[in-house]
Each structure stands twice: as structure tokens, then as C-alpha cells.
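J.: Listed below, chain by chain, are the residues.
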Amino acid sequence: MKNRSAWAMLAPAAIGLVLFVLLPFAASLVLSLTDLSLGSPNPTRWVGTLQYRRLLVDPAVARALGNNLRFALVIVPMQTVLALALACLLHKPGWRLAGFYRALFFAPVVFPMSLVAVIWRYLYAPGVTGPLNRLLAGVSLGHWQPRDFLHDPQLALPALMLLSLWQGVGLQMVILLGGLQQIPGDLYEAAALDGAGPLQRFRWVTLPMLRNTLVFTALMTTILAFRVFDQVQILTHGGPAGATSTLMFELVRSAFERLQMGRACALTVIFVFIVVLLTSLQRLVLGRLSR
Amino acid sequence: MERRILTGQLKRFQREHPGPPVQLTFLPEGSYNSQVQAAALAQQLPDVLEFDGPLLYRYAWQGCLQPLDLLITESTRTNLLPSLEQQGTFRGHLYSVGVFDSGLALYGRKSLLNRVGARLPDRPEDAWSVSEFSRILEDLSREDPDGQVLDLKLNYQGEWFTYAFSPALASAGTDLAHLGSPAANRVLSRFQDWQSHGLVDPDLDDAAFLEGRVALSWVGHWEYPRYSQRWGSDLCLLPLPDFGQGSRSGQGSWNWAVTSNCRQSGRASEFLEFLLEDRQVLEMTAGNGAVPGTLSAIEQSPLYREDGPLRLFSIQLTQGWCQPRPATPAYPFLTSVFQQAMQDVLHGAPVSRVLTAAAQDIRQDDLDNQGYR
Chain X
14 MKNRSAWAML APAAIGLVLF VLLPFAASLV LSLTDLSLGS PNPTRWVGTL
64 QYRRLLVDPA VARALGNNLR FALVIVPMQT VLALALACLL HKPGWRLAGF
114 YRALFFAPVV FPMSLVAVIW RYLYAPGVTG PLNRLLAGVS LGHWQPRDFL
164 HDPQLALPAL MLLSLWQGVG LQMVILLGGL QQIPGDLYEA AALDGAGPLQ
214 RFRWVTLPML RNTLVFTALM TTILAFRVFD QVQILTHGGP AGATSTLMFE
264 LVRSAFERLQ MGRACALTVI FVFIVVLLTS LQRLVLGRLS R
Chain H
3 MERRILTGQL KRFQREHPGP PVQLTFLPEG SYNSQVQAAA LAQQLPDVLE
53 FDGPLLYRYA WQGCLQPLDL LITESTRTNL LPSLEQQGTF RGHLYSVGVF
103 DSGLALYGRK SLLNRVGARL PDRPEDAWSV SEFSRILEDL SREDPDGQVL
153 DLKLNYQGEW FTYAFSPALA SAGTDLAHLG SPAANRVLSR FQDWQSHGLV
203 DPDLDDAAFL EGRVALSWVG HWEYPRYSQR WGSDLCLLPL PDFGQGSRSG
253 QGSWNWAVTS NCRQSGRASE FLEFLLEDRQ VLEMTAGNGA VPGTLSAIEQ
303 SPLYREDGPL RLFSIQLTQG WCQPRPATPA YPFLTSVFQQ AMQDVLHGAP
353 VSRVLTAAAQ DIRQDDLDNQ GYR
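So the sequences go chain by chain: X and H.
Everything in the first sequence is counted per my numbering, starting at 14 for the first residue and increasing by one.
Everything in the second sequence is counted per my numbering, starting at 3 for the first residue and increasing by one.
Worth double-checking, as some hints may not be accurate.
Said to hold, decoys possible - Examples of chain H residues lying across from chain X (beta carbon under 7 Å, computed):
1. PHE335
2. ALA351
3. ASP370
4. ASN371
5. GLN372
To be verified - A few chain X positions that, by computed beta-carbon distances, are all more than 12 Å from chain H:
6. SER41
7. PRO54
8. GLY61
9. ASP71
10. LEU78
11. PRO90
12. MET126
13. ALA150
14. GLY155
15. ILE196
16. ALA256
17. LEU294
Everything labelled a hint here was simulated from the structure, so no lab data went into it.
The beta-carbon is built from N, C-alpha and C at its ideal position, and this holds for glycine as well.
Model the full structure from these sequences, guided by the hints.
T.: Below is the structure:
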């Protein structure tokens, strides 16, 4: 009886997961072993691991994966530190403007990425009239040479990182704020009585108490860094010359532009594999730490 | 605009040609192809379909369409622009008809071009050769405050790159299926040179030509209303430069086909014939500004007839100065690869490396699909 009601309560979530996550993934797994081309009248053939073997030697895929890694390596530490700094600044019980600033920093998270991308396209406009170019020329007293940020092989990926940082930092900040609010005030009091200064309190009270929240936000950002897509599709389309292509961009282009479903499914499997790897890594690290 | 006109025309059709009612469904353009693919899988395609021309060959290959050879009268067919008949033909059968067509040209500012002593060709056979064009760009650039004198509409996305720049391949004697050829290399290198010499305006605001930032704009018939209103008699229309085998414009647009689902092909044929009558063609093209799709309608169009300001487009389409996009089911793949190659080259990637990789991808896709037989 008890068992049955447990199953009944599990059902809504479980059915959704099976129907929309597990089954499609199983289908991808099967289709990744075929040469399915979307809408082709030719019979679909089994090709074994051909798609995977091709992906492994495809420079475009290596490039995309490299960009994802670079993205994660820069964005995860930067975004976490920045979010932590903002959260600490805004964590002042009783400060009247805190709510206003919290809303302000959180606002970009609510904007759809398509809107954010269009705004930043204007900020990044090339030539002397582009807002960012003008700003840099101003602060460098005219020494800055105008650049075409989104079309510059060196600057395109950093440009996407900057706007992703701006868009994403609010969410982490709110989660970290939640973590900060859970730290009991008497810990700080006790530390202060023991003679700990603000820096020491941050190092020995805030950070350890915030550890799980920090690991969680860092992992979330890492996974998000691996599925970067919207800003690439809208702003650079993977260019210039692959400098901003990502796994997700390669995947969507394969499936819906080039109609190579088999290849896209193989990419999906690789993508899920990476995400699962990262998640288990987090569980492992968390388990170690809490022991 | 097109939707309103089409809805009105359909009402008139029902009135003038009593019979089973025709129901009109509009699909959002962005996801059009995937919706059609889904409907085809579910065997729920409508009887008649309007879609972008180059998708035709894939639909026909998939068996979604029925040939119009017996559904369209001989007189309607000979009245169709040759470019539209070419676009609608796949492996020897006519599958689609278009109410309108499109074209590319260079829009120029006479005052600026005269200042550098450029001649102003008005017929495709007199087009500037590509080296003449490059020289004119350099000359114009010296007189220009920011040096950027050419607008390639780089703000447009996706299909524009294939539509606008693959005709240059034909003009050099090659095509999308031979991206590894030396001719293709020469064409894309030219574009890269113009870009790297700072001659091309990025045109993020879609107003490079309107604001007078450039002297030349490489774009289609659709810019005429804005451009002529802004520049009046200073505006001139020139054929695209000749890369060696004669000037070549793009062509093609949305067209109508009858699906293999259709059980009332008589009614469908009645409807298509109606759409191709002068009255409907002229009404639609007066609304959307495109080139009328039939020879008889062109002669009555104030813009495109003998002494109309856009006659160049009619000449290009009726006298073989246009390059259709390749009639192959591989088109979605070809255009995706070419768009990427073109953008990479414009961003400074080594031309021969980009083109070799693109040609390799295309060959592999062809093998994977058993030659699209």
C-alpha cells in the first residue's frame, strides 16, 4: 500500500522524465548508429560507430569542444567570484536599497538571450561610432583603435563571454545570497568576539559555510558553459572561421540546417556523456568534502 | 502585405470559379521547412503549397510533390519567365510555378561614380569586369571619409550569402558543386580582398546606402523603393560585376506546387492558372515590389516594362543573365556549407583551406546520400 502511493506520487515527474528525457535520449543513442538524413527517401542504414569515428577526427568538433572548454575555464571562476562579491555587497540586512540592487543585477537573467544578444550587438558595433569602441577610446585618451569585436578571431569569443557573464551573474548572485542568509549570525558574533577581523570572518566563517552553494553554482555554470548556443547563433553563427562555434551550435546546425540526424544524434550522446561526467565529478567532490 | 493580397485574391477566385472551397493557412516563415517536413511525415500536407524556390528539389526528391506538366496549360507555361520555369524544373519535370521572381544588381550614386570617372553600364553585357570594379572601389575609397564604399548587406543572414554571392561563381565559370576549383578560389579571394582593404561597410543598421556612407550597394530589387525615394535621380542601377564569363544575378523566390497528397488536381490547377493571370500577378507584384512572374505581366508593369526604371532586372531574368540555385536535393546542405565558407573568408580565413574543406564536406554528404538518386 505504502509502496503504491509512493509510486503514484512519483508518477507525474517520472512519466515526464521518461517521456521527454529518457526516451528521446534512447532514440538518439539508437539513431546515432545510423546514417539517418532528415526527410531522405533513401532507406536508413546501420553504420555502426561511423558517426562517432568521424566526430573524433572532425577538426570542427574539436574546435567547438575547445571553445566550450575555454568558455568554461574563463566564465566559471570569473562568474563565481563576481557573483560572490555582489552577493556579499548586497547582503546587508536592513539596507533599504538592497532590494532595488538585487532586482537590478537579476534583471538580465529574466531577459531572453535573444534580446540580450541584440542589445550587445549594438554595444559591440565596429568603427568609431560603436559604444564600446567609443568608451575604450575615451578611457585610453584616444589610443584605442576601433575593433570589430564580433568578427575579430581573437576577440569574438571573449566578447561572447563578457555578455554571458553580464547575463548570467545575477542568477548565481541570488543563489549565493540565499546561502549567505542561511549562515547564522551568532557565528559572526562569536568570531568577532574572538577577535577576527572582516577578512578573517569571510575566510573562516563565510566561505566554509557557503561551500556547498559555491560548488553547486560552479557546476551549474559549467554545464551552462557547455550548452552555450543562443548568443552564438544570433551574434556570430560560429564565426569568424569557427572561433566561436560550440558543441550545441554544431549539433543544431547538423540536425536542422544540414539534416544530418545521425551525426547530430551522435553529438547529443557525446554532449550528455560530458554533462554526466561533470555531474558525477561534483557528487564525488561534495562527498569528499563533507566527510 | 503579401498575405492580405493573397487572401483577397482567394476570395475573388471562389467567386469567379465556383467549386470546392479553398482554405488558406499561413505558416511562420522562420520554421517553415521543419513544419512542412513534419506534415509530410504525418501524411498531412495540404493540396497546394507555397515555399521558397530552392527547397523544391528536396521536396520533389522526397516524393512530396506531383509534376505540373499536365496541370498547367502550354500557354501559361510559355508565358512564365524562363527563370521561373528553370527554378520549377527537377529532373525533367515542372514541379512549381511562381507568381514573381527576384534579381540582384548594384545600386550606385551617379554623382560619386562620375567623380572617379567610372562608366555606368546599364545592360548586363556591358557590366564592369571584376578588375575594373576593384579599381573603381579603390578610387571611390580615396574620396570617402571612412574608406568604406561598398555595401554587401552583411547584416542580412543565412540564405542571403548563397543567393547574393554564389552567382559570382557562375560568372567565373564554376558553381557550388565545385568549390575546390581555382575559379571558386579566385572569386572568394576577390571578396576577401575588398573586405580586408576596408572597402566594405558592415551595414549593421541596414542604412549604409541610405545614409550616404557608401557609393555602391550590392542588393536585390526590394531596395528600390527606399533607395529611389532617398536619392531620386542620383540613383543608378548597374549589373553585378563580370568575373570572366559574363555578369550573373541571383534569381528565384517563393513558388507554388501541388503536393502528392492532392486528390483534386483539377481544382489545384484551376487555382494556379488563376494566380498566374495578369491581374493577380500585377496586383501581387505591385504590392511586394518583386519582378512579375509572367512575360505578359512584365510588359504591363510600370517598374519593369521596356522603359521602366527596373528594366535591368527583367532583362537579366528573361535573357539568361541569372544563375538559379542548383537543382539538387542536397541544396540545404550546399547552402549551409557555402554560407559558412563565405563568412569565414570574409573574416579573413585562408581561402584555399576553407574551400578545400567545404568541397570535402560536400563530397562526403553526396556519398552519404548515395548521390541523391
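J.: Holds or violated: is there a CB of chain X closer than 7 Å to the CB of ASP370 of chain H?
T.: holds, 6 Å
J.: With d taken as the least Cβ-Cβ distance between PRO90 of chain X and chain H, does d exceed 12 Å?
T.: Fine: 29 Å to the nearest Cβ keeps PRO90 of chain X off the interface.
J.: Classify the hint on ALA351 of chain H as holds or violated, based on whether any CB of chain X lies nearer than 7 Å to its CB.
T.: holds, 4 Å
J.: Grab the minimum beta-carbon distance between ILE196 of chain X and chain H and tell me whether it stays above 12 Å.
T.: holds, 47 Å
J.: ALA150 of chain X clear of chain H by more than 12 Å, beta carbon to beta carbon?
T.: Fine: 15 Å to the nearest Cβ keeps ALA150 of chain X off the interface.
J.: Is the nearest CB of chain H more than 12 Å from the CB of LEU78 of chain X?
T.: LEU78 of chain X is indeed farther than 12 Å from all Cβ atoms of chain H, at 18 Å.
J.: Regarding the assertion that ALA256 of chain X does not contact chain H, is the least Cβ-Cβ distance greater than 12 Å?
T.: The claim breaks: ALA256 of chain X does not keep its Cβ more than 12 Å from every Cβ of chain H (closest is about 8 Å).
J.: For the hint on PHE335 of chain H, does the least C-beta distance to chain X fall short of 7 Å?
T.: Holds - the Cβ of PHE335 of chain H comes within 7 Å of chain X, reaching about 5 Å at its closest.
J.: Is it correct that the beta-carbon of GLY155 of chain X has no partner in chain H closer than or equal to 12 Å?
T.: Answer for GLY155 of chain X: holds, closest chain H Cβ roughly 17 Å.
J.: For SER41 of chain X, is the shortest beta carbon distance to chain H beyond 12 Å?
T.: holds, 18 Å
J.: Beyond 12 Å on every Cβ pair: is that true for PRO54 of chain X relative to chain H?
T.: Check fails; 5 Å does not lie beyond 12 Å.
J.: When the nearest CB of chain X is found for GLN372 of chain H, is that gap smaller than 7 Å?
T.: Where the cut-off is 7 Å and the nearest Cβ of chain X is about 6 Å from GLN372 of chain H, the hint holds.
The structure is inconsistent with the numbered hints 7, 9, 16, although it conforms to all the rest.
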